[in-house]
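S.K.: Quick note: the sequence shown uses the working numbering, first residue 1, plus one each step.
Bear in mind the hints are in silico, worked out from the structure with no lab data behind them.
Remember, it's a predicted structure, so these values are computed and weren't measured experimentally.
Do not take every clue at face value.
Below 30 Å or equal to it, Euclidean Cα-Cα: the simulated BS3-like pairs (lysine-lysine) are [stated by the list, open to error]:
1. 443 / 137
2. 192 / 303
3. 166 / 137
4. 443 / 474
5. 474 / 158
6. 263 / 192
7. 431 / 393
8. 263 / 166
9. 158 / 443
10. 120 / 443
11. 192 / 137
12. 443 / 161
13. 263 / 175
14. 259 / 303
15. 303 / 149
16. 443 / 393
17. 166 / 259
18. 120 / 161
19. 303 / 265
20. 259 / 192
21. 265 / 149
22. 192 / 166
23. 263 / 303
24. 443 / 431
25. 137 / 158
26. 149 / 166
27. 137 / 161
28. 259 / 175
Label pairs and their calculated CB-CB ranges [to be verified]:
29. 148 / 433: 22 to 32 Å
30. 346 / 114: 18 to 28 Å
31. 434 / 254: 46 to 56 Å
32. 301 / 350: 15 to 25 Å
Glycine included, each C-beta is placed from N, C-alpha and C at the ideal position.
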Amino acid sequence: MTRISFDKPLVNPVALRCRFMVEPAGPRDQNATGRTFAFVPSEYQPPLKKQLTLHEKDEQAMHEAKKTVIQFTIVLAITLASLPLLAENNWPQWRGPAGNGHSSVADVPVRWSADSVAWKTELPGRGQSTPIYWENKLFVTSSLDDGSKRALVCIDLKTGKILWQKTCWEGTAEKTHSMNNRASATCVTDGKRIVSFFGHGGIHCHDFEGNVIWSRQLGEFGGPWGTASSPIIAGKLVIQNCDADDEACLLGLELETGKTVWKTKRETIRGWSTPIVVQTGDRSEIVLNGNSSINAYNLSDGKPLWHVTGTTGRGTPTVTPARDFLVAVSGRSGDMIAMRPGGQGDVTNSHVVWRSARRGGRDLPSPIVVGDYLIVTRLRPGLASCYDVATGKELWTQRMEGGFSSSPIAVNGLVYATDESGTTSVIRPGKTFELLATNRVAKDGSSEIFRASPTPVQGRMLLRSDTTLYCIGK
1 MTRISFDKPL VNPVALRCRF MVEPAGPRDQ NATGRTFAFV PSEYQPPLKK QLTLHEKDEQ
61 AMHEAKKTVI QFTIVLAITL ASLPLLAENN WPQWRGPAGN GHSSVADVPV RWSADSVAWK
121 TELPGRGQST PIYWENKLFV TSSLDDGSKR ALVCIDLKTG KILWQKTCWE GTAEKTHSMN
181 NRASATCVTD GKRIVSFFGH GGIHCHDFEG NVIWSRQLGE FGGPWGTASS PIIAGKLVIQ
241 NCDADDEACL LGLELETGKT VWKTKRETIR GWSTPIVVQT GDRSEIVLNG NSSINAYNLS
301 DGKPLWHVTG TTGRGTPTVT PARDFLVAVS GRSGDMIAMR PGGQGDVTNS HVVWRSARRG
361 GRDLPSPIVV GDYLIVTRLR PGLASCYDVA TGKELWTQRM EGGFSSSPIA VNGLVYATDE
421 SGTTSVIRPG KTFELLATNR VAKDGSSEIF RASPTPVQGR MLLRSDTTLY CIGK
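With the hints as extra help, turn the sequences into a complete structure.
M.R.: Structure below.
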């Protein structure tokens, strides 16, 4: 395994200071091709090639962003051939290359309108999965024919042309919530394969030409609200959260074959969070939000490692890295918790850094950390809140134009948050609320619903509604 970590704070927000630590591949990597990177994301990922010209306030945001020193590694859920390709050219999974919602893409627009759309593509069926891309190919999932058909769609990044559409599953549609969609989980790629998950519709692996590598069913996923947990790739494994009301488990599957390597039982109740993988010492830990606790599992065999209790609300948001700890938002009213990874068993009393109450409303989006600030958006009511990441102290809460189902991302020290109407608010994190822009692409009175998160790409921004994919920029 090749590890990349920062040995000091970023002293130049554009020049990335890092060191490489090369270790022999462990047992789980014996059949690996290419290199698997464990990556330490900074709270601001600077562009590697093009230095930005910033206004004075932007420099202040950059200054805040570079303060954080990351003290544990986030294991990238992809196998790569080169770091620059990862850092600048790809968004291969839910929440981006490092799983933290940050992008190093330069020249992403701050302000736009319907006139800024480079291309838009009407998608087959409906879906809520966030677009991912590798080089010049975009991938999204879709549900067609009232959910009786599930598809993987490949799109040309430059033109928006649909290159191919492959049916992954056909059958009787399961129940789902009116706010959910049977194609809500974001797919993941390692640059060779794309893995897509549809709950009752199974999990599937295709190559970049749309050929099936493997396909299998994982069960019924009992419950009235459907599924939304995205798969991730860690080394030679696909990790899939299978929380449901009939049987709940966490699965480790062989990336090459789809065969089960391990299966770990979880609390039997619905859930929609996507796991992340963190490196704690010489141990790779899968960390996953849940109904009543945050749990960690050993990557190699799936065995439980530690848990923190005290959450309520099914733990929809993905756990988010922040400095040398992790932050979890519960999903409903309850405590937002910061905790250190590592340990064994119940570490609630020993590893919790802080708790901060979240009262009322519904938290679907995952939070994001930029420098000293933690930004959390909310579905009901439509609010954005900022916290001191070190203490959990609330700094401000602002009512926004609409409610948020998608998760915010960070580009060049700024936060982009898209509400359900397709309005993207660009916020400068700080001790006081500062809104830089309010951007819209959908026409007034449009019935489109935006629940996919924004995707930054090569100086542009991708926004996906339930029916349409927009590319914004030059």
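S.K.: Now tell me, hint by hint, if it's right for this structure.
M.R.: Checked hints:
1. 443 / 137: Distance ~27 Å between residue 443 and residue 137 Cα, so the pair holds.
2. 192 / 303: Roughly 29 Å between the alpha carbons, so the hint for residue 192 and residue 303 holds.
3. 166 / 137: Distance of about 15 Å is within 30 Å: holds.
4. 443 / 474: With Cα atoms ~20 Å apart, residue 443 and residue 474 stay inside 30 Å; holds.
5. 474 / 158: Distance of about 11 Å is within 30 Å: holds.
6. 263 / 192: Holds, at about 25 Å.
7. 431 / 393: Holds, because 11 Å separates the two Cα atoms, which is no more than 30 Å.
8. 263 / 166: Holds, at about 28 Å.
9. 158 / 443: 23 Å, holds
10. 120 / 443: Holds, at about 13 Å.
11. 192 / 137: 12 Å, holds
12. 443 / 161: Holds, at about 22 Å.
13. 263 / 175: 25 Å, holds
14. 259 / 303: Holds, at about 18 Å.
15. 303 / 149: 35 Å, violated
16. 443 / 393: Not OK: residue 443 and residue 393 at ~38 Å, beyond 30 Å, violated.
17. 166 / 259: Roughly 22 Å separates the two Cα atoms, so the pair holds.
18. 120 / 161: Holds, at roughly 9 Å.
19. 303 / 265: 10 Å, holds
20. 259 / 192: Between residue 259 and residue 192 the Cα gap is close to 18 Å, so the pair holds against 30 Å.
21. 265 / 149: 29 Å, holds
22. 192 / 166: Answer holds: residue 192 to residue 166 is near 16 Å, not above 30 Å.
23. 263 / 303: 9 Å, holds
24. 443 / 431: Between residue 443 and residue 431 the Cα gap is close to 34 Å, so the pair fails against 30 Å, i.e. violated.
25. 137 / 158: 9 Å, holds
26. 149 / 166: 10 Å, holds
27. 137 / 161: 10 Å, holds
28. 259 / 175: 27 Å, holds
29. 148 / 433: 22 to 32 Å: 45 Å Cβ-Cβ, so the 22 to 32 Å window is violated.
30. 346 / 114: 18 to 28 Å: 52 Å, violated
31. 434 / 254: 46 to 56 Å: 48 Å, holds
32. 301 / 350: 15 to 25 Å: 24 Å, holds
Violated hints for the displayed structure, listed by number in ascending order: 15, 16, 24, 29, 30.
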